[in-house]
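S.K.: Sequence:
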Amino acid sequence: MSGVSAIPNLADPLPLLREQGVLTDLDIHFARLMGRLAGPVSPENGLAVKGRLELAAALASHATGQGDICVNLRQWTRRWQASMAESVGFAPPPISDWLEGLRVSPVVGRPGQRQPLILDRRGRLYLYRYWGYEQQLAADLLERASAEVEVTDEARLQADLNRLFPRPPQLEGPDWQKVAAAVAALKRLCVISGGPGTGKTSTVLRILALLSGQTDRPLRIALAAPTGKAAARLQESIRAAKPGLGLASEHAAQIPDEASTLHRLLGSRPDSVYFRYNADNPLPLDLLVVDEVSMVGLALMAKTLEALPPEARLILLGDKDQLASVEAGSVLGEICARAGRFSPAFQAKLVQLTGEKLPEGRDAVSPLTDAIVLLRYSFRFGATSGIGALARAVNRGQSAEAVGLLAQGRYGDIGWRLLADSAGLPEQLATPVVAGFAPYLHAVREQAAPSDVFTHFNRFRVLSALRSGPFGVEALNRLCETVLHNRGLLDSRQPWYVGRPVMIVRNDYNLRLFNGDIGIALPDPNEPERVKVFFLGSDGLLRSFAPARLPEHETVYAMTVHKSQGSEFERILVVTPNEPSPVLSRELIYTALTRAKAEASFYGVPAVFAGAVERRLQRSSGLRDRLWVEPGSGSRL
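Each step along the sequence shown adds one to the number in our numbering, with nothing skipped, and position 196 is 196.
Everything labelled a hint here was simulated from the structure, so no lab data went into it. Even for Gly, the Cβ is constructed at its ideal location relative to N, Cα and C. Some hints here could point you the wrong way.
[To be verified] Keeping only pairs whose Cα atoms sit at most 20 Å apart, straight-line, the calculated SDA-like set for lysine to any residue is:
hint, residue 1, residue 2
1, K357, Q347
2, K357, E570
3, K597, G415
4, K597, G409
5, K349, K597
6, K349, L374
7, K357, G340
8, K597, R459
9, K242, E258
10, K597, R615
11, K349, A147
12, K242, H263
13, K597, D321
14, K357, Y377
15, K242, R167
16, K357, G213
17, K597, E481
18, K597, Q618
19, K349, A337
20, K242, V273
21, K349, E570
22, K357, T560
23, K597, Q347
24, K349, T560
25, K357, P174
26, K597, E552
27, K349, I221
28, K349, V151
29, K242, A252
[As the list claims (entries may be wrong)] Okay, the calculated beta carbon distance ranges per label pair:
hint, residue 1, residue 2, range
30, S451, E327, 31 to 39 Å
31, E236, L26, 35 to 43 Å
32, A279, E446, 31 to 39 Å
33, S468, V365, 26 to 34 Å
34, S468, E19, 16 to 24 Å
35, Q447, Q398, 43 to 51 Å
36, R156, A279, 33 to 41 Å
37, D508, P528, 22 to 30 Å
38, S468, K357, 31 to 39 Å
39, E19, S272, 28 to 36 Å
40, E529, A400, 52 to 60 Å
The whole structure should be built from the sequences, with the hints applied where relevant.
M.R.: In C-alpha cells form, the structure reads like this:
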C-alpha cells in the first residue's frame, strides 16, 4: 500500500489506538498484564517485542467485546492497512514477524496448551477461556451428531410419523418438518433452522409427541431459551398447540407446560460465570429443546452441552439468518454453515422412513451433515407476501431487488419512506406512531384488563439499529412520548404516567425481573391514585411493583433490533440512519423485517439500506473449521 513505509511502527501503539476508539481501557490493562507476565525482554529489540505482544493481547481482549471469539491477526492487519493505517498514523508489524514473535512468547501457547493466550496455525489469537469454550463445544456437538439412536420398532415409528405429520395440501416439495422429526428420532442431536412461519415450534411439539411414543418409560424433557421473553413465547406456543395433537394422557403429560431461560435451567449463580449443573453434576434430562439458538453465545452454548448427559437428546431450534448473539460467537450460523443435504446412506434411510422425495445425498464432510434440517416453506409468508419476498432478497444480498421491492409499492405489507434528515422525523413519524399506539393507549384509558393492555401494546413497535443519536431508540422514545402527549393520548409531564411502557435492562434475581422483560405502568387496583408497573409472566400471571423498586429500565415504544429478537409484532416501523454505520448488516435488516407478522415499514435512505443488505456480518472464530472439514483439507483444526 502506498505510504505505508512512511508510517511509524510504534513500540507502544496502545495509547494511540485508545484515542482512536479502537481499544478500551480494559483491553489495555489486560495487555499490560500480559506484558508483565511475559517477563523481561532482551535490550536489543525488547520494546518492539513487548509492544507487539501487548498489541496482540489488547486486540484479543477487544475482539470478545465485539462479538468475536478471537482476533485473526492476518485479517486484522490487512483491514488496517487498507483503511486505517494512513489516517491513524500507525502500521502494524509485518505479519510473519509478528506471529513468529508471539509463538515464542511465554504467555502464548499453541492449541492444547494451557497459556493465557492461544495462537493457532491460521493466525487466530484467543483468550484461553474462549479457545476452551470453542474446542469443548465443537467436540460435544460432533460427538452427539455422530451418535445414532437404535430404533426398536421401525414400523411403529413410521406409523407415528405419518399420523403426526399429515402432508399439508399447499406444500410443494419435501415435507421438511416430517424429515426433521425423523432426524430427531434417529440422532441424539437435531438442529432445525427456519425463518418465520416455517413451523419450528409446531414441529418440535410433534417431535416431542413422537419421541414420547417410542419409549415405554416417561421421558424427562426440558424446554429452554436464552431470554425470558423467548422462553415465554415458546411456552405459550407449546401450551396452545398441545391439546390439538390428540395425545394419550400419559404421552401429553411428558411434554412440559413450562419453559425456562438457559441460565435458570443450568442454575445460575449471582456474580459468577459458573452454574450449578455442569459435567460433574449433569442435568437430570433425557431430552433438551433450546429455542432461539441464534441468540445463544459461545460460552453459554458450551456450558449447556457440558451439563447435558451424553446419552440425552438435544434439539436446537432457530433461524440461522438472524442476528447473532450480543455475546461472543455466531454459534447457530457456524453450525449450519454447510447444511443442506444429507449423506447418501442417511438420505436413503430418511426416504424409506418418511416417504419423502429428498435431494440426492452428498459425501459427508462432518457428522453434522446428517444432524441439520432446514425448513424451507413458510406457511405465513406465501407467494403474495411482500415480507417473504423482501426477506429472500435480503438473505441473498440482492440490494437492488430489496430496494426495488420496497419502493415499487407492489406489496401491501411492506413500505418505504425516504428519511434523509433527522429534522423530518417528528413530522414523518407522527401519523404512524399515533396509529400504532393509539389502540393500546385507548385500552389503558378505558381501564382494560392488564392482559388486554399487553396484547394491544405488543401489536406495534418502532425498531432501530442504534441506541443513541438522532436515529437511535433513545431519541425515538422521546419523540414517541412527545407525539402521543401532543395528541392527548398520554400525559408525560410526570415520569411515571399511566401507560408508560418500560423494559428492564439489568437482571434482578431477587425480584425475578430480567433483561428484556417489559412492564406497563397502570393504576394500582387497590389504590387507583397510585401507579404500579405490571409484568405479564410466561405463566400468564401478572406481577406488579412500585416504580421505585424496579432495577435499571428504559422507556420502550422503540427498541433496538437486537432487543426485539425473540419477539413478534403485527406491525413494525424500522428507522435506519441516514449515514452508513458499522452495526448495519444483512442480518440486522432481516431480523428487523421478520419481527413483523403482517406489515413492515422502513424509513431511511436507499443507499444506506442497500449497503446494509450487501454487508454480511462476519465474526472471527475457528468453530466452523472445527465442525466442518473442507474437501481435501484432511483434518480439522
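S.K.: Failing hints, ascending?
M.R.: 2, 5, 10, 12, 16, 17, 18, 19, 20, 21, 22, 23, 24, 26, 27, 32, 33 and 38
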